[in-house]
Structure formats: structure tokens, C-alpha cells
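Quick note, the sequences are listed as chains A and B, same order. So in numbering that gives the first Met the number 0, spot 66 of the first sequence is number 65, and the numbers just go up one at a time. So in numbering that gives the first Met the number 0, spot 212 of the second sequence is number 211, and the numbers just go up one at a time.
Simulated from the structure, these hints should not be mistaken for lab results. Quick reminder that beta carbons are idealized off the backbone N, C-alpha and C, glycines included. Misleading hints may appear alongside valid ones.
Which stretches of chain B does chain A cover? Using the computed rule of at least three CB atoms under 8 angstroms from a CB of chain A, they are [stated by the list, open to error]:
| hint | segment |
| --- | --- |
| 1 | 65-79 |
| 2 | 93-106 |
| 3 | 114-121 |
| 4 | 130-137 |
Listed below are the residues making up each chain.
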Amino acid sequence: MTTTVEGRTAPPRKAPSKRPRWLKLPSFALAIPAWAWLFAFFVAPVALVVWFSFGYKPGIFGTHANDVLSFDRYAEALSPTFFTTFQNTLWVGVVGTLICLAISIPFAYWLAFKAPIARRGILLAMVMIPFWTNFLVRTIGWQIILAPSGILSEALQSIGMLNEPLEILYTRTAVLIGVVYNYLPLMILPMFVAFDRVSLPMREASKDLGAGRWSTFMNVTLPLAKPGIVVGILLVYIPLMGDYITATVLGGAKGNMAGQMVANQFQTAQNWALGSAMAVVLVLTILTTVGIAALVAWLAAWPLRANQRLVLGDKS
Amino acid sequence: MTSASEPEGSVVLEGVTKKFGGAIAVDNISLHVRPGEFLSLLGPSGCGKTTTLRMLAGFEEPTSGSIRISGQDVVGIPPHKRNVNTVFQAYALFPHMSVAENVAYGLRQKGTPKSEIRERVTESLDLVQMRSFADRKPTQLSGGQQQRIALARALINRPAVLLLDEPLGALDRQLREEMQIELKLLQSRLGITFIFVTHDQGEALSMSDRIAIMRKGRIEQLDDADSIYDSPASAYVAGFIGQQNFIAGTMTNDLSVMESPFGIINASGPHEDLAAGMDAQAAVRPEAVAVALATGDSTSTAANQIRGEVIGVSHQGETLQFLVSIGNDQTLLSRVPRPNAPRLAVGDSVLCTWDTASVHLFPSDQASQAQADIARAVSNPAPPTSSISL
Numbered sequence: 000m001t002t003t004v005e006g007r008t009a010p011p012r013k014a015p016s017k018r019p020r021w022l023k024l025p026s027f028a029l030a031i032p033a034w035a036w037l038f039a040f041f042v043a044p045v046a047l048v049v050w051f052s053f054g055y056k057p058g059i060f061g062t063h064a065n066d067v068l069s070f071d072r073y074a075e076a077l078s079p080t081f082f083t084t085f086q087n088t089l090w091v092g093v094v095g096t097l098i099c100l101a102i103s104i105p106f107a108y109w110l111a112f113k114a115p116i117a118r119r120g121i122l123l124a125m126v127m128i129p130f131w132t133n134f135l136v137r138t139i140g141w142q143i144i145l146a147p148s149g150i151l152s153e154a155l156q157s158i159g160m161l162n163e164p165l166e167i168l169y170t171r172t173a174v175l176i177g178v179v180y181n182y183l184p185l186m187i188l189p190m191f192v193a194f195d196r197v198s199l200p201m202r203e204a205s206k207d208l209g210a211g212r213w214s215t216f217m218n219v220t221l222p223l224a225k226p227g228i229v230v231g232i233l234l235v236y237i238p239l240m241g242d243y244i245t246a247t248v249l250g251g252a253k254g255n256m257a258g259q260m261v262a263n264q265f266q267t268a269q270n271w272a273l274g275s276a277m278a279v280v281l282v283l284t285i286l287t288t289v290g291i292a293a294l295v296a297w298l299a300a301w302p303l304r305a306n307q308r309l310v311l312g313d314k315s
Numbered sequence: 000m001t002s003a004s005e006p007e008g009s010v011v012l013e014g015v016t017k018k019f020g021g022a023i024a025v026d027n028i029s030l031h032v033r034p035g036e037f038l039s040l041l042g043p044s045g046c047g048k049t050t051t052l053r054m055l056a057g058f059e060e061p062t063s064g065s066i067r068i069s070g071q072d073v074v075g076i077p078p079h080k081r082n083v084n085t086v087f088q089a090y091a092l093f094p095h096m097s098v099a100e101n102v103a104y105g106l107r108q109k110g111t112p113k114s115e116i117r118e119r120v121t122e123s124l125d126l127v128q129m130r131s132f133a134d135r136k137p138t139q140l141s142g143g144q145q146q147r148i149a150l151a152r153a154l155i156n157r158p159a160v161l162l163l164d165e166p167l168g169a170l171d172r173q174l175r176e177e178m179q180i181e182l183k184l185l186q187s188r189l190g191i192t193f194i195f196v197t198h199d200q201g202e203a204l205s206m207s208d209r210i211a212i213m214r215k216g217r218i219e220q221l222d223d224a225d226s227i228y229d230s231p232a233s234a235y236v237a238g239f240i241g242q243q244n245f246i247a248g249t250m251t252n253d254l255s256v257m258e259s260p261f262g263i264i265n266a267s268g269p270h271e272d273l274a275a276g277m278d279a280q281a282a283v284r285p286e287a288v289a290v291a292l293a294t295g296d297s298t299s300t301a302a303n304q305i306r307g308e309v310i311g312v313s314h315q316g317e318t319l320q321f322l323v324s325i326g327n328d329q330t331l332l333s334r335v336p337r338p339n340a341p342r343l344a345v346g347d348s349v350l351c352t353w354d355t356a357s358v359h360l361f362p363s364d365q366a367s368q369a370q371a372d373i374a375r376a377v378s379n380p381a382p383p384t385s386s387i388s389l
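For reference, chain A alone in the conformation it holds in the complex (with noise of 0.2 angstroms):
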């Protein structure tokens, strides 16, 4: 990165310049703020966290140390009672965000190609505008229409469906359909865009060439529209799997996650260094994830590919 744009030219040219070279800045220049920022509003505090995670609480009023360094942290955040909130953690990421994704690209899709052109505009609104309430007071909202005598539960019963009070505030499902709730529109806005960039001329000639809807939609459609609907899948996941606040109001004891106990390591429990290897943990379990999900995706569509591929042998 330090490397100047005179260590690669050799020889070094004789050009008359009218300002001394010391002047001169090279191009990378441009990017230094942001690396300034990045460096230290990210790499810093997350090789803070690292070297945390690797200490130890050293007494009831210490909240770190790292004169000893070992990975008990890490045995520690993995011992059953932990592992069991990690666990969690995923079942929820991941269902959340598949279940994000089953509302968002047909919702998406017909936004962007079905409905009609002059309601666009508020259509889009009404998913933007849940977002103007505070996070928290949206996610209390939910607490009202769950609880045991709430709208829903009251709702259910009336109908005849349910002969019980509901009992799912407080638990793992309650945790769920408040991050699908929160984060849907994450996934339903990249994706619309995504959609609506795939042009009607194209997919009017996959239908011209041939192809029906569904094959017009996996060979054109979906593969045009994949960078929107990949950013979308990654800005649900990845927060959804570090949120705290809606496990904190809805989940209870049933419905721990990984950011929570993070947070209770941190303020409650005042133990950095266990803290920080379970946030360590998290990144990790997240990192290791959506590469998972990369491979599988990508070995998915392998047939879609060979099938697609077609090289001409020789050339004239």
C-alpha cells in the first residue's frame, strides 16, 4: 500500500516539472480518508476484540486482561449453556433470512414487473415507511399483537382456531417474526431494484427466442438480477444474526440470542475478554455461513451452467 508509483517506473523519467516531486502525491491519496475511517472505526476495534478474546477476567471489579494469553475464552463461550444460544442464533438467522427471501422475490418480482407503474411509488412507500418508527417501539409493537391476550391470540380464538390463550411471545418464534418483520424490507428494496434493472426488451426476447416464463425467469431474469438479490440476502443476515433488541423485547429466556449474551457479557457480567470471544465466535459462525451458502449456490446452478455453456471449437 506504501508502494510509490516511482518504484515501479524504472528508469525515472527527466521530464520537466514545474513542482518538486516531494509535492507530488500519489494517486492512492484519494482513498485515504476512507481507509483512515475504515481503519479506525473497524480494523481497529475488531483487533481490539481479537486480542480481548484471547485475556481473561482477572477479579470481580477487572474487566480484562491479557497478561495471560490462552483460548479458555473460546472453550468457554462453546460450553453447552452458550453453545445452546448460538445454536439459536443460527436456527434463526437462517430461517429468518429463508423466510425473507420466500416473501421478498415474489413481492420484488411483481413490484417490479406486474404491478402497475403508477402505484409503484406507493407501494414502495408503504414498505419503506415502517422505517421512519424507532427500531424498538416497532419491535414493542409486536409484544402487544402476541402476547396471551393480544389482538392475534384474541383474533384465533375467536375464529375458532385456537381454544387456548396463544403462548409464542417469549419464544424462538416470536424472535422470528420480529427479525422477518424488521429486516424484510432490507431484502424487498435491493431486490426490486435488482428486478427492475433487468430490462423488458430482454426478457421479451428470452420469450421471443422460445422460453416460457419460468425458463425465461431462471435463464435471464434471475442471473441478471443475482448481484441485487445476494446484497439482499447479506444486509438481512448479517445484522439479523448480531441483533439483540429484538431477542431482548420478544425472545425472553426461550428466545436468547448471540448478540444478547454478548451485550450481558459486556455490561452485566463485565467480563470483556468471554465477551469478546463470543463476538469473535459470531463473526465466524456468520463468515463460515454465507460461505457455505456461496458453495452450495453455486454448486446448485452447476447444471444451469453446463447446460448454458457452449464453446465453438475451432476458430476460423
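Chain A is fixed; fit chain B onto it per the hints.
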């Protein structure tokens, strides 16, 4: 499916109307396209030519009327089940596929075996001389090259009819002229019916067997290039194709003679809508107008002769163009092949003359409306296709 009267490659539209909400895009048109014919739909933007093409492709369904392709009624049949293919205005090549994969797309949809796909893609790319570009991505190609790929891709399914939606619109002038020749050669070699949509009359005149001139959702005239140029059926066609000098006047009792402030104008024959005493307009093409230095100052009273003063001379390559002021704020345009052109300069007093056969008379109201429509069409060229985005 194919009947004797409507063989493979024929296209028949009968009383086809298309409405979008309340707006009529195509207004009760009937059109018989012969197999193997190169037919152009020519008109300004909004005349319904693209909508007509989209109904043939299956992207729009007619509000009423019937459409038959190769004798088969296609109304209600989705685009992917019609034996027609389209070359789109902006080519619409798939950016995530190579050139070869783009061309192979149509065959792949039919489940053609890979060995045959390879063979036919090679053949198709050879047809447009693009074989060496097979492994490139469309974005790495120039406009003209993309155009050829779009053509190869549309032809690989061996359609009975090829639809072309302003395919040369995005190319620069020289390339467009080259592609016109190539398209015409390709069409006569393959013997496929081509239906070509354009707003460029030069394109339509140079390639078509017949041209359908469209205006406000209707076909104004359907004829070959010569007939359209020499005997326009309406003032609109007369003004839209090529250039015209319009001279206003009043009809005499002889319906092929018009009296104008500039003198008597004789035409070869009357227009069916004319009557004695009616306001009329005479149309004369600039290339039919001869100019010569006026001798003496005798005011000529012969028919089809107008005196004037040269107010402009311009070179047009093979021709010289003279703009002659004939008084009353009226000008005449004359275009003369350069070798025979008289040596005239601005300010010269000249006599403009033309043949009776080159004059066409139209009722004045039709002619004014037509000129207004043409002016609007010229000032609003076809907008580029775009999808609505936020």
C-alpha cells in the same frame, strides 16, 4: 396448418385494432404480407408501427381483429409459441452470456442436442461474419457487431417471419448504410419474410419490396417504393416521403388545373376529393423543378412556370440545391444534378419550370393537416426505448 392461399411465411392482419386504455394505437388496419417479402412499416413515432410489430411477435394482443401467420391464427398464442423472431431496437443481447451462448439460446429452449447446437451456431455466426467473436461477451462488441449477433440469434430458429424493430437506429450513418445492403442481401438469400419497422424513409425506400406508410394508427398507403414516391395517395404521404414544394391555390372547373397567386398550375390528374372552387395545394418535388436564368422582364403566363429570385445555393454532393423566393413569403426548392446545373448565384432572377406529370393536387385542409403532422414528427424523433426506473 398451412393453407394454399396463405402459405408459410405469409402474414395477414384483418381489421386489427389495439387500444391502450382509451388511446387507440392501431386503428382497424388490414395488411397482407406475401411470403418472402421485405415489407417496411414506416411512420413517425406514435403512428402504431411498433405496436403492430409487437402484436405480430405476441407481446401485445389486439383489442379486436385477427392476425394469421403462415395461415395460422395467432391471437392468444404467447410469443414463445409463435414461429416468428424479433430483432430488438436496442438488440437486447443477454449480457451474462457469450456471443455463442446468446445465439444458441433459441435452440437450447427447444432442447436441441448440443452437437447440433454447436453446428448451427457456427453456421449462424458465419452468416453474419461474426464467428471469430463467438467467445466474447456482448459488452465487448461495437454497436454494429451487436446488431449482427442480434440478427444471428433471431435467425437461428429459422422463423417463417423475422420482425425487425428499428434495428439500425443506434448505428452511425455509414454503418447503417452498409447494414441496409447486408440486410437486404441476407433477406433475399434466406427467402424469409422480413417485417421492418422504421421511421427512416431512406431505410424503407432502399430495402423494401413494399412500404406501408402509417399515420395515427392507420395505413395511409401500401405500395412499392416507386409508386409511393411518384404517386403518393395522400398529401401526408407526399410530404412525408422525400421533400415537396407545396403551392396553395383554388381549383378551376377543370379539376386538373389550379389557379395560384403565382400562376396556373397544371397537374396530370385530379385528386378524388377535389371540387371546383375548392382550396387546394399542389405538390412538386424539388428534383422536378428546373431553374434557368430569366431572360428579359416579360411576365410569363404559361402554366407550371413561376418567376423568382435565388436566395440560397447549397451543395448536396451530387446535387445543387437552389432556394428561390417567388414572393408572398413563399419559396420553391429546386434540386439539380451537379453536371447539368446552371451557374446561378444569390440574387439572380430565375424562371422555375416543371412537368405536368410531376404535379399532384390535394385538398388544402388535408395538405395543411399533413404538413402539421409531418412537422411534429420531424421535431419529435422516436424516443429511445427505456424502462421506467426510479
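Hints, one by one, checked against the model:
no. : hint    : result
1   : 65-79   : holds (count 3)
2   : 93-106  : holds (count 10)
3   : 114-121 : holds (count 4)
4   : 130-137 : holds (count 4)
Comparing the model with each earlier hint shows no violations; every hint is respected.
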